[in-house]
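Trainee: This is what each chain is made of:
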Amino acid sequence: MSSYILSLIIWMPLLGAFTLFFFSEFQTTGIKIVALASSLIQFLLSIWLVLGFDPNYGDHLLTSFQFVEKFSWISMSLGSFGRFNIDYHLGVDGLSLWLVVLSALITVLGVIASWNLKQQVRSYFMLYLLLSTSIVGCFLALDFFLFYLFFELVLLPIFFLIGLWGGPRRSYASIKFFIYTLVGSLLILIVMIALYLSVGVEDPSSQTIVHSFNLLHMMDTNYFIQGSSLAKDSLLRFMGMPLRAVAFFTLFLGFAIKLPIVPFHTWLPDAHVEASTPISVILAALLLKLGGYGLYRIAFSIFPDVAFNFGYFIAAGGVLAIIYGGLNAMAQNDLKRMIAYSSISHMGFVLVGLGSFTVEGATGGVFQMIAHGFISAALFLIVGVLYDRIQNRRIENFSGLASKLPGYSFVVMIVFFASLGLPGLAGFVGELLVLMGAFNVSAIDGMLPSWIGIGAVMGMLITAAYYLWTIQRMFLGKYWVRQQSWQSKMKDLEMREWLIFTPLILGIFVLGIYPKVILDTMNHSIELFIAHVGNLKIKP
Amino acid sequence: MNISEQLIEIQEHFEVISSEMILIIGSIILLILGILKIHLFWIKRFAAVVLLGSFLFAQEVQDLFFTETIIRDDLSYLMTQLLPLVTLGIFCFKEQRHQSYEFYFLLMSVLLGSLFMVGSNNLLLLYLAIELTSYASYLLTGFDFKEKGSEAAMKYLLFGGVSSAVMLFGISLLYGAYNSFYFNTMEFSVLGATGLLFFLSGLFFKTAIAPFHIWLPATYQGAPTDVASFFSIVPKTAGFAALYHIFKWTNELFNPFLEHLILLLAILTILWGTLSALRQTNVKRMLSYGVMAHSGFILPFCLHMETYSLFKYYVIIYAVMNILAFLFVQLHENDGDDLSLSAFSGLGIKFPFLGGISVVWAIALVGLPPTGGFMAKLFLFSTAWHYYESMDSLFWLTFIVVGILSSAASLYFYLRVPYFYFFKKDQGKKVHINKMHFAIMILLAFTLIFLFIQPNILDRFAPIINP
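If you read the protein sequences in the order shown, they are chains A and B. So for the first sequence, this note's numbering puts the first residue at 3; every next one is plus one. So for the second sequence, this note's numbering puts the first residue at 45; every next one is plus one.
Only chain A is shown next, with the shape it has when bound in the complex (with noise of 0.2 Å):
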């Protein structure tokens, strides 16, 4: 059963979406049983995975993956262009290891969260367990197509989800969301058949080249086919750029409107201000993270020498997402988009630790992408409990909460003061790291210029003004709340809430106080994936 178990993870939620066709419409206890068990049993299933998972499996990238299924899947004749070849492959590595466990984690608190759910429940559920099973693939496929398939699953429940269960401008929000992210798989479609057109193997029984979809072999230049468009030695142009270049522009570019990065980012403000409290949680604690993982997994594995050259590029534009992120969160009124211009701002950092391209900066922007998860997830429930009591959430209508709420407000610091990066929680170890992947790289080759560092810890400044600001507006003072009749609603946690909470409380204390739980079982990961790109990193 081992051998299959990524399946299972994969497959479970779906498994438990196609059980809800047997439920009626009315027996909402019963379809949110079946939501819960296939969600618990997908986390317990992910945690048997990182117990049998060997930290220093293989020794190159390529040759790192375990718990590998393949099987072909798709294999058909297209005349004189050769055979389609599609493989149903699946995989996992330190990078991809913890995301699967969180993915995993965050489905069951979301499915916890919607449990006071009223309206349409059964196609509520099956579409989060259908967005829990593309998630959950995105992160697990080895095979382009596979993941592009996953890539693409995710939007059309998101549409839905957000555009049937959401606030008032709900209609907008999704189609936004839709369109945007939409043009960004687009753009990662074009070089996914380019890369299929130029990765190839001879078949030596007839002579002819079989090309395939295997991400393995288009990280591995020795697939190129000599003379095809994307292999190194390609003539091809496009307004003077090699096609390399181009290629992996336009991948950055796909996978960054999903991550997001500035300019690309006006969706998700109003994404995840529209969306309900679990889908906002899902939205920003794994939807921003499968960008994130695009780019180390696909991006960057497959094109090294050009992201190499570009690394500063990149990193700057991390500084930008970090600093005008911040900015704009400091200006908002409206909690919730506060917290989503904070996710900006957050992921910023993944990027200036991909551009440092050292084992510390690309340690650092995996883990800040697993503790955002824990954090904006745990962020987007505080907001959920204000909306839920009195459908308000703008900050200048409260203050004082802490003396009224005690619990509520308990909670609110801790993960405030994890967001902002406090020593001891989880925010302060991803920051760390990648600070420094970015100021060794500074000191040790100038690959990035200090202002680079310096911008982030900048950064973190504005993070820490607009959460304690927040905090002292909100929180602090005189208890006083802006209508008469929220006064009887203000209540503290109830039991469920509590139940949401503590988990990502005791994550966001763990990765804090004793990162090296992650940090062990991802650390040869990164080494191999920086080892991957450094070994290609002299240019041509």
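Keep in mind that the hints were calculated from the coordinates and are not lab data. All C-beta atoms in this analysis are idealised placements derived from N, C-alpha and C, irrespective of residue type, glycine included. Hints are not guaranteed to be accurate.
If you only want the chain B side, here are some residues facing chain A, beta carbon under 7 Å, derived [as the list claims (entries may be wrong)]:
id, residue
1, Phe425
2, Ser426
3, Ile448
Some chain A residues well away from chain B (every beta-carbon gap over 10 Å; in silico) [claimed, not checked]:
id, residue
4, Trp117
5, Leu329
6, Gly409
7, Phe412
Covered, in the sense of this in silico footprint (three residues per stretch, anywhere, with C-beta under 8 Å from a C-beta of chain B), are these stretches of chain A [claimed, not checked]:
id, region
8, 71 to 78
9, 147 to 157
10, 227 to 240
11, 495 to 508
Position chain B against the provided structure of chain A, taking the given hints into account.
Mentor: For chain B alone, kept in the frame of chain A given last:
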């Protein structure tokens, strides 16, 4: 070869056009049955049997026949297999007022014309086939006998007449240049190029390639929905198959000029179709612009005979998607009223399953996974990239970029039906869909999804003929 030898040859060759013969005889019998006032129920069944017969008797041969007038190859084999089935699919639409035995006769005439269009290796035969298709189409357009339909038929007739004249002029120039009507006798000459240009303009009128498409939205909107669906598949794909046969001989001669021209027209068609569709509020009009964009996608591949398998996948998947989309729209019409998007408002709450089906065809037409539409687009762009790579041609690259961008834009309008279905307030519209239609839609939707999971299955449909 003297006349008697030719006659003997013709006699022997009748076997290879048995599909067409079955259609001809079948439609004559159908007319007689109609005159005898046989009940429409039986006439419809009879027509279905005829179609099945022409599907089953499609001949797997590869050669020139009838003194080289008729060509049989993979393409014509595919079309004689696919088009009768598509027509059968059209029979499954909801019966509206307009059905009578003439209706089925006309459908079969268009089908017959389309099959001859694919099979012709001779300009005169091609012209006759196109005219047969056109005349029957003019009549079908106005077949619900309403003002809107008559207007559409009139427009169609006028544009069609002009394009026939242009085409005929082109044919006469070609005849003047080569002293022959056969495709394979062409060689490079200025007069020939001029003739070809006129001839192609006429053909592009018929296949609605920009800028010769002006008649298309009005005609599709005015025509009964099943007829519009039929138009969007049968004569259209046959037209593209005919283009394959023409370009097979001419592309080499007029390269690269012809290739650039066709790519430009294709890009223009995609852009025009997509951008116009964005502004439509009428569903059929919107779909018709979508059809136009789809023809832009497949057009440049007609230049290269080796893209046959791409054409096959694309056309089959396209046929399934379009039947489903138009069927879906037709089932929401009450008595042939003109459907605007707002008619779909809020139905999703009452009919979530129908909404799901609308999502399937919408994303299939956009080209998103997990539907066959994605596979079609993937093959298409891979082939386009291959040409870009091997020719280093900016035209092909532009085609790819425009195609990809227009796919993103097309999401916006295709998704409007599901969008109105789910996201808008209910307006209390009543929809009655019987179980049979429901089952057909589910079947088609699952076919689309299955064609994503296992596109290889299409290899078995009309397999490539081994000479």
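Trainee: With reference to the structure, classify each hint as holding or not holding.
Mentor: Consistency of the hints with the structure:
1. Phe425: This hint holds: Phe425 (chain B) lies near chain A, its Cβ roughly 5 Å from the closest one there, short of 7 Å.
2. Ser426: holds (5 Å)
3. Ile448: Holds: closest Cβ of chain A sits about 5 Å from Ile448 (chain B), inside 7 Å.
4. Trp117: Per Cβ check, Trp117 (chain A) is outside 10 Å of chain B; nearest 22 Å; holds.
5. Leu329: Holds: least Cβ distance 30 Å, greater than 10 Å.
6. Gly409: holds (37 Å)
7. Phe412: holds (39 Å)
8. 71 to 78: holds (count 3)
9. 147 to 157: holds (count 5)
10. 227 to 240: Holds, because 4 residues of the region 227 to 240 of chain A bring their Cβ atoms closer than 8 Å to Cβ atoms of chain B.
11. 495 to 508: violated (count 0)
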